[in-house]
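Engineer: Starting from the known structure of chain A, fit chain B onto it as the hints suggest.
Protein chains in written order, with the working numbering: chain A, 1 to 224; chain B, 1 to 30.
Be aware that a few hints might be false.
Stated by the list, open to error - Chain A side only, calculated, beta carbon under 10 Å to chain B, not exhaustive:
id, residue
1, Leu5
2, Phe18
3, Met61
4, Phe144
Said to hold, decoys possible - Interface residues of chain B toward chain A, partial, derived using beta-carbon atoms under 7 Å:
id, residue
5, Ser3
6, Val7
7, Val15
8, Leu19
9, Ala22
10, Ile23
11, Leu25
12, Gly26
By construction, these hints were calculated from the structure, which means they are not laboratory data. Treat the numbers as computed from the prediction; the structure is a model and nothing was measured. Don't be surprised by glycine CBs; every beta carbon is placed ideally from N, CA and C.
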Amino acid sequence: MPRWLKANGLSIGFGVIFLASLVGQAISGHTSLNHDQHLHHGDPISLWHYVTSAVFWTDVMENWQSEYLQFTLYIVATVWLLQKGSNESKKLDEAGPETDEQQLLREHTKPNSPKWARAGDWRTSIYSNSLLLVMGSIWLLSWFAQSVTGRINFNAEQLDHQAPPVSWATYITTSDFWNRTLQNWQSEFLAVGSMAILTVYLRQRGSPESKPVGAPHDVTSVEG
Amino acid sequence: MRSVAIVFAIYLVMVFGGLAYAIALGFGGH
Numbered sequence: 001m002p003r004w005l006k007a008n009g010l011s012i013g014f015g016v017i018f019l020a021s022l023v024g025q026a027i028s029g030h031t032s033l034n035h036d037q038h039l040h041h042g043d044p045i046s047l048w049h050y051v052t053s054a055v056f057w058t059d060v061m062e063n064w065q066s067e068y069l070q071f072t073l074y075i076v077a078t079v080w081l082l083q084k085g086s087n088e089s090k091k092l093d094e095a096g097p098e099t100d101e102q103q104l105l106r107e108h109t110k111p112n113s114p115k116w117a118r119a120g121d122w123r124t125s126i127y128s129n130s131l132l133l134v135m136g137s138i139w140l141l142s143w144f145a146q147s148v149t150g151r152i153n154f155n156a157e158q159l160d161h162q163a164p165p166v167s168w169a170t171y172i173t174t175s176d177f178w179n180r181t182l183q184n185w186q187s188e189f190l191a192v193g194s195m196a197i198l199t200v201y202l203r204q205r206g207s208p209e210s211k212p213v214g215a216p217h218d219v220t221s222v223e224g
Numbered sequence: 001m002r003s004v005a006i007v008f009a010i011y012l013v014m015v016f017g018g019l020a021y022a023i024a025l026g027f028g029g030h
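So here's chain A without its partners, still in its complex pose (with noise of 0.2 Å):
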């Protein structure tokens, strides 16, 4: 293997089968539309006016708010809440932002720190919380394209009925905005909890995400 594979795996691997997913939505989305389109006489639509529709990007863009969500929660409630004996939990004592030592900030920068790292102003705390920055804001973009977007599917529907259409405004206070959006939410916040709490008790040899396989239950944060 390549040392530059060898080096971005998790990326890569990770990379290559969302886009392998969204290939395969595209194709089973397109099929499923175009057979609602013959049970209800209407014409068939190719695949490149489908990938190019608001229909598919609602459905990404709703999947994609969700799952950067989140992480966006959990990597700001990590700082705060604590689950002992979680490999995702950090020590009962080390709640909060920690000292600027323990983060390796200012003087106790190392000489192959970031620059912003030991800067000390204003660049310092943005890069402090630059990952909840970046995360945050995809999840509020992608939130935003679920509403945009959803707007348009939603307007349609209303037309086909001799329905008015609504402005985005209103749409974002709809039972059908809220449901694709909390259904979502619903699925990600479960999963989450139970990473939290599983990881006190179930192990899984060689991964980060577990407790060595023979860590005592009651200890918290050993990555094994």
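Structural biologist: Leaving out everything else, chain B in the frame of chain A:
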């Protein structure tokens, strides 16, 4: 670290590219 930085950039382009397309589509009314 150069290959890591490239993968980092690819992810950002992929994610923000998708977001920009979807938002533009949402305003375009396709």
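Engineer: So, for every hint listed, does it hold in this structure?
Structural biologist: The hints, checked one at a time:
no. : hint   : verdict
1   : Leu5   : holds (8 Å)
2   : Phe18  : holds (8 Å)
3   : Met61  : holds (5 Å)
4   : Phe144 : holds (7 Å)
5   : Ser3   : holds (4 Å)
6   : Val7   : holds (5 Å)
7   : Val15  : holds (6 Å)
8   : Leu19  : holds (5 Å)
9   : Ala22  : holds (4 Å)
10  : Ile23  : holds (5 Å)
11  : Leu25  : holds (6 Å)
12  : Gly26  : holds (3 Å)
In terms of the numbered hints stated before, the structure departs from none.
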